[in-house]
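Chain residues, written in single-letter form:
There are 2 protein chains.
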Amino acid sequence: MGNWIHSQIQRPDRFWKPVRSAIPALAWGRVYRREWLAGDLMAGLIVAIMLVPQGMAYALLAGLPPQVGLYASIAPLLLYGLFGTSRSLAVGPVAIVSLLVASGVGQVAEMGTAVYWQAALTLALMVGAIQMGMGLLRAGFLVNFLSHPVLAGFTSAAALVIGLSQFKHALGLSTPNLEFVDTAVYTLQHLAETNFITLAIGLGSIAILLYFKYALGGQLKRRKLPAGLVTPITKSAPLLVVLLATLLVVALRLDVAAGVKVVGYVPAGLPPLTTPTLDLTLWRALLPTALAISFVGYMESISVAKSLASKRRQKINSDQELVGLGIANLGAAFTGGYPVTGGFSRSVVNFEAGANTGLASMVTAVLIALTVLFLTPLFAYLPQVVLAAIILVAVASLVDIKTFRHTWRYNKADAASMLVTFGAVLAVGIEMGILLGVAAALLLFIWRTSRPHVAVVGRVGDSEQYLNVQRHTVQTCPRVAAVRIDESLYFANTAYLEETVLRQVADQPELAHFVLICTAVNFIDASALDTLASLRQELHDAGVTFHLAAVKGPVMDRLRAVGFADSFGPENIHLSTHDAMKAIGCA
Amino acid sequence: MGNWIHSQIQRPDRFWKPVRSAIPALAWGRVYRREWLAGDLMAGLIVAIMLVPQGMAYALLAGLPPQVGLYASIAPLLLYGLFGTSRSLAVGPVAIVSLLVASGVGQVAEMGTAVYWQAALTLALMVGAIQMGMGLLRAGFLVNFLSHPVLAGFTSAAALVIGLSQFKHALGLSTPNLEFVDTAVYTLQHLAETNFITLAIGLGSIAILLYFKYALGGQLKRRKLPAGLVTPITKSAPLLVVLLATLLVVALRLDVAAGVKVVGYVPAGLPPLTTPTLDLTLWRALLPTALAISFVGYMESISVAKSLASKRRQKINSDQELVGLGIANLGAAFTGGYPVTGGFSRSVVNFEAGANTGLASMVTAVLIALTVLFLTPLFAYLPQVVLAAIILVAVASLVDIKTFRHTWRYNKADAASMLVTFGAVLAVGIEMGILLGVAAALLLFIWRTSRPHVAVVGRVGDSEQYLNVQRHTVQTCPRVAAVRIDESLYFANTAYLEETVLRQVADQPELAHFVLICTAVNFIDASALDTLASLRQELHDAGVTFHLAAVKGPVMDRLRAVGFADSFGPENIHLSTHDAMKAIGCA
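Note that the protein sequences, when read in sequence, are chains A and B.
For the first sequence, position 465 (counting from the first letter as 1) is numbered 465 according to this note's numbering, and the numbering increases by one without interruption.
For the second sequence, position 556 (counting from the first letter as 1) is numbered 556 according to this note's numbering, and the numbering increases by one without interruption.
Please note that a few of the clues may not be correct.
Which copy is meant is left open, because identical chains are indistinguishable; a pair holds if it fits in one copy or across any two.
[Claimed, not checked] With a straight-line cut-off of 27 Å between C-alpha atoms, the simulated DSSO-like cross-links for lysine-lysine are:
hint : residue 1 : residue 2
1    : Lys582    : Lys552
2    : Lys221    : Lys552
3    : Lys552    : Lys412
4    : Lys306    : Lys213
None of these hints come from the bench; they were simulated from the model.
Using the sequences and the hints given, assemble the complete structure.
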């Protein structure tokens, strides 16, 4: 009876707790405070002001009509606001994912066609399904195969590819879509065709954007403007250049008079309901791109989400975060959008402008919806070069030479995997490039662990400590070699282990005991087990007794399970180095 | 002046030492003892008796005329005798390499054509070049990417593939060359066409071979026959069934009367001088096969060479061994042969029959040369099914269920990579199968290190030892979490590390200090360095001080080089766990 009452009382929470963790908006909705509202509204507004021109620009970069970028900024933001665990992440179109879309979809359809857009929707569906699936299966750890150096090398190279692809807009050229090197050559060959009016508008836009980005904030602060106004003003630069350039084109009819390319007709109205294609051939062709976007998009998103959350001691659940992003992408697939993720700089702006909850995202979505309902006629005379300028300024800071220099100083192998990724992305394309980068990082890790650090150790004074003979003053016995190997023993380093031991034995003719110290051996795989057994035999044949010392508990459990400890000789396996030395008579 | 004399005296050895290490035959030639001769002659003879039928059988398995197997047993053996470091390795055609040849060359040429043989010669040239190159560049460590379980899974599956391919000979069927599953289905469908005379000869041969292999030796020993005679008698079984079956066919004209397939005309004469093709397209097509043969062949060879050498305290130089095998393969390429390696069972026979030096190999080569000069007419009426029986008996012992069971008990990940290789070789073919096996082994290793063992530790009594709280009775402080992570920190486990630390912090609300104990951390890569920095910030934001304890010397050197130690806070990095606990006030 008591139990029954107890379970009745508990039931509501047993039901609601998993629901709240699946829909984080319910969690913050229950405790929403009135004082959060101003921040959420302001942040939502500022992000919307940034996102309108950015969304159109990134859609063009992805090879899609400009309104697709706006469509991708409505439903995905509403859904992420409900299902995402970050309270300040600003989801939507971003530069690198747009580039991946252009590269992947460009291989299966021609830009500007309905088939192309359809394929982009399908890609969003696939990305959504992959991210949701990984989240539900708690397979988020898979993204860790993208190491930081590989990601940094990829981002830098992608920024260069994006920059170059926008360069043609700035020059007013019509460059076909080519690989990086070909585009560079083509652009140089056609420099003479530069449209100088277009170039001037582009340079002017870049100048205004850079001024707002780097100088204006400081000037306003020095004039004692309230901080609450500084962010909105500096972040409205893209909107400002859009308005100025549009007015200029309309006033002077530059589109007709000087051949300046404009965005043109953008249909008004809410996003259409769309259905992605269920064509297996298309799915197979898009799969590598979908995987790349799922991983790269998630990595970009989770890193900024984590760093912003920790500033307010909030927590990000990485698996739920995958689910949230996945649902946002599913939303994009069914409302005429294309793949989205959490953007780095937009999220920082959102946070700094005071976003307290996912409500800010929803505010942004509503404002973008109003834009596509009522404001699209304004974009008809917007020069494309302005959007190119916005992208150029945004991606310029992604080329990350500082990280490379820092990594090079810290660790040549990491720097090498960064360089491989960077070079491969430029040379063989972005998906293949990132794949080669991941492979390089894995192989470098294997290579590193295949030649572990080995230290011959000796006793420190009369203590029980045994340290590297090359770093410390220690005592050794000529009959005994005590060697510590600083790596788990597995197939890639068994030969190295065997050579190390046999060389030591050959170099010390009077040797009678070899002690292998296993403090740093976290596991021994089947290949290494075979090697230990044959080493024991080889040493025995050479008149040397083989000892193991300081084998860890979990490793020892395994060795016992297969009877290795017995066949090796239990008297030759010691709890610690000191125990081994005492048994041999060297301590 | 003194120096000059000294260098004059030293010069001969300075010249001869590298020469002797490049041509090991010069080393043992200088010290050759008269009492070694009997062993070398006897071993050479016994191996030749085994090798004549085996060589022809393996050549047929590789899709080549029988004499090619004999040609591959002359020049390669002479060259290995000169350049190899093993004194008892018996080089020549072997089953698994022959299968790889059939699979690889079968993709670029039709069996039985001159183009096919030409491609096999080219393959031998490529294998020779790859092995020599790896040996000279001291890149022998690369073969360690073939872990023992992968190799065992591959060998077992290859033995099944070979067995099935020989089964059709035993039934007297003409099965086209297909993948494993297709061959099995085809063979079953055509069982009704079995030639029963052929089947009877095959079963009879197998019975004799098995009797000689497993029973006769013991019987002879019980009858007190000198051991020096037992080996020659038991090992002559293949020759015996060859002679018996040939006599039977000739006497009853079974080839005409009963349709028993015979070897037919084998040209007499020494191996022809041949030149491999320098056709880039062919080279590219054969490259995967050449790499597979180079690696697999070397692995088979080096393992038996090492185990035999250690029995007599001789040394195998793995890089020189690659050079020796490479030169043997180059020899095969220019004398009408096909890829060779050191055979496991033949080498054991060579050793047991008393081979003391490479001279035994040379004796074998001379005897095989005499065979191709004078004895080939004898093989005209030799039934192919006898050769199939010889192969079947030889490969039956390669199916290795014991190793699988042992590995499964020891380590599920190793067993999984063995199973993947085994299944993939049967399902998708042998080169692709071994590639998938290698990839599986690497990924399982990464997966294993991506979820390292983590132990919360406490103080043992009043000592300076800190051990796992779950395995030992220890003291802990509620304000302090001391956690030992048993793995190097790198990109694949940074997220796991971060989650582990943050979970611990969330579970202990009163926590003020987190100590990460790094005794088992052999390196920290750039991704992990970033993670440590952001963890420190995240803990700081949560009011927890982050400490590192017992960082190893080489790891610490790296951290200092990039100023990490300073930015982390030198006062929070401690020499040992005990030092950290004392600084915190918990010891």
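Quick rundown of the hints versus the structure:
no.	hint	in the structure
1	Lys582 - Lys552	both (19 Å within a copy, 25 Å between copies)
2	Lys221 - Lys552	neither (60 Å within a copy, 48 Å between copies)
3	Lys552 - Lys412	between (31 Å within a copy, 19 Å between copies)
4	Lys306 - Lys213	within (24 Å within a copy, 67 Å between copies)
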